[in-house]
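Q: Chain by chain, the residues run as shown.
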Amino acid sequence: MRLKSVLTLMTLTTFLFTAACGTESATTGSGTSTGSGTAGGEVTYKIATDASYAPMEYMDKDKITGFDIDFLAEVMKEAGLKYEVVNVGWDTMLESVKQGKEYQAGISSVSITDERKQTYDYSIPYFESTNMILVKEGSTVKSADDLKGKKVAVQGATTADTIMSGILGKESTDLKRFESNALALMELESGGVEAVVADIAIVREYIKNNPGKKFQSVRDDKNFQAEYYGILYPKGSELKAKLDPAVKKVLENGKFAEVYKKWFGEEPNVKKLLEAAAK
Amino acid sequence: MDFRYDIILGYAPLLGKGVLLTIGLSLLSILIGSLFGLVIGFGRMSGQWLLRVPAKAYIHFFRGTPLYVQILIVHFGAVPLVIGKTNPIVAAIAALSLNCAAYTAEIYRAGIQSIDRGQFEAAYSSGMTKAQTMRHIILPQAVRRMLPAFGNEFVVLIKDSSLVAIIAAPELMYWSNAMRGQYYRVWEPYLAAAFIYLILTYTLSKILARVEARMGARVK
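Just so you know, the sequences run in chain order A and B.
full-length UniProt numbering numbers the first residue of the first sequence as 1 and each following residue consecutively.
full-length UniProt numbering numbers the first residue of the second sequence as 1 and each following residue consecutively.
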């Protein structure tokens, strides 16, 4: 009898608490939406992101913001679809977009690679990125080849990791792989490595936020090839068919350039993107 | 070192929200965990192998694997299996409670087994049933001995709750990570989080010290 009432109490409190928290997390977790409220009957697409990659997508307090988010807004406006972006973290995004039940797409600076194409569908490319080297001011490093024999930090399982593994050797102890770019940058600050290799947008944002630290960026177009970001869909996605024309339109009609200039202060190379899309 | 208080100030409302969830998650997990732990603990001490063996296996599993892994298994495996989709809050409470139960089960066992056998025998010979003996003789003494261990487990659980940030449950650590993600700075978010956790655990140990003192005084 005793045990039974205890168990009832347990299930009851769990239920109440989770119910209360469930609604709470929905409001804190999901920042942006189309704004106009949900009309009855219309589908609201749920799009997952990992908002920890400033300035591409990040939390500005409790609001999801960034280049990708603004770009997505233009695409959804063009397509005339209702949507909601939810910050679920990287791993959850990859897993739940693959299943395609709760989230119909993901946007999070996801590079288009042949391996991932076996598991996901991608939109046409919407962003050209490349890796960049971050070193102390006055460093003699001019290219990735100059990093041989020096200690270098990267975020593990990224393209920076792959490229630097190739240059320094996969087993090299000079290459330190961290869970995030922020940790890799911390390692550079504290003198554990001489350089960090990361996406161009990350490196620039870091320099912008830490002007007193005296770091400089180094471009290397020979070793670091162009990479393209795409919106991530589950295999056989219907949404891809609806959005691809909208992505193309936004690239062509100047809206993309507007968003790009807002975040990066320069003109994008739209022609190159459209060429990549045609391939 | 330039320390930007303005960043922390900007995030203060969210850190506050995060703290509330951290406290909520911890308290609920402590409650569920210690109640469930009681069941497991008695199962573990049971004379019947059908109760004892599963309880033992449970304790071994949850004490023998990292909480980090448990959180991921519950989040990506167990929760979607039960409610059809992922939910970081449910997963956080479930994982923390299940983990807590394994540790508290052992605390119950240690507390009860620390009472001299003679006490049981004396109670039985004065005509008490097994349940009465537990309730009136053994538990009041055992609980007093369990208290410091419980206190320790609760403090550990508050700190460990920071791990659920990996499944994006919006608690304190989650918002610290968001701060880090926005500014690519590490001192401000991590020191702020460390300071807040310290306040939480310090307050809890003060409360527990009072409870211990009171329980100690009353039994004497």
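Everything labelled a hint here was simulated from the structure, so no lab data went into it.
In this text the structure is predicted, and so the values were computed from the model without any measurement.
Every residue, glycine too, gets a C-beta built ideally from N, C-alpha and C.
Please note: incorrect hints may appear among the correct ones.
Some residues of chain A that are not near chain B, with every Cβ distance over 12 Å (derived) [what the hints assert, rightly or not]:
1. A51
2. L81
3. N87
4. W90
5. E102
6. K213
7. G265
8. A277
Simulated restraints, written as ranges between beta carbons of each label pair [stated by the list, open to error]:
9. A:N209 <-> B:A12: 18 to 24 Å
10. A:A278 <-> B:A78: 42 to 48 Å
11. B:R4 <-> A:K271: 36 to 42 Å
Restricting the straight-line Cα-Cα distance to at most 27 Å, the calculated cross-link-like pairs of lysine-lysine (DSSO-like) are [stated by the list, open to error]:
12. B:K85 <-> A:K98
13. A:K61 <-> B:K206
14. A:K249 <-> A:K262
15. B:K159 <-> A:K101
16. A:K63 <-> B:K130
17. A:K249 <-> A:K142
18. B:K159 <-> A:K46
Q: Each hint needs a verdict: does it hold in this structure or not?
A: Hint-by-hint comparison with the structure:
1. A51: Since the minimum Cβ distance to chain B is about 7 Å, A51 of chain A lies within 12 Å and the statement is violated.
2. L81: With a cut-off of 12 Å, L81 of chain A remains clear of chain B, as the shortest Cβ separation is near 21 Å.
3. N87: violated, 6 Å
4. W90: About 9 Å separates W90 of chain A from the closest Cβ of chain B, which leaves it inside 12 Å; violated.
5. E102: violated, 5 Å
6. K213: The assertion about K213 of chain A is violated, with a minimum of 9 Å to chain B.
7. G265: Given a closest Cβ separation of 18 Å, the condition holds.
8. A277: holds, 29 Å
9. A:N209 <-> B:A12: 18 to 24 Å: holds, 19 Å
10. A:A278 <-> B:A78: 42 to 48 Å: At roughly 45 Å between Cβ atoms, A78 of chain B and A278 of chain A fall inside 42 to 48 Å, so the hint holds.
11. B:R4 <-> A:K271: 36 to 42 Å: At roughly 40 Å between Cβ atoms, K271 of chain A and R4 of chain B fall inside 36 to 42 Å, so the hint holds.
12. B:K85 <-> A:K98: Given pair K85 of chain B, K98 of chain A holds - Cα atoms ~13 Å apart, limit 27 Å.
13. A:K61 <-> B:K206: violated, 33 Å
14. A:K249 <-> A:K262: Holds: K249 of chain A and K262 of chain A sit about 19 Å apart, inside 27 Å.
15. B:K159 <-> A:K101: Violated - the C-alpha atoms of K101 of chain A and K159 of chain B are around 34 Å apart, more than 27 Å.
16. A:K63 <-> B:K130: Roughly 58 Å separates the two Cα atoms, so the pair is violated.
17. A:K249 <-> A:K142: violated, 39 Å
18. B:K159 <-> A:K46: Given pair K159 of chain B, K46 of chain A is violated - Cα atoms ~33 Å apart, limit 27 Å.
Figure legend: structure checked against the earlier numbered hints; hints not met, in rising order: 1, 3, 4, 5, 6, 13, 15, 16, 17 and 18.
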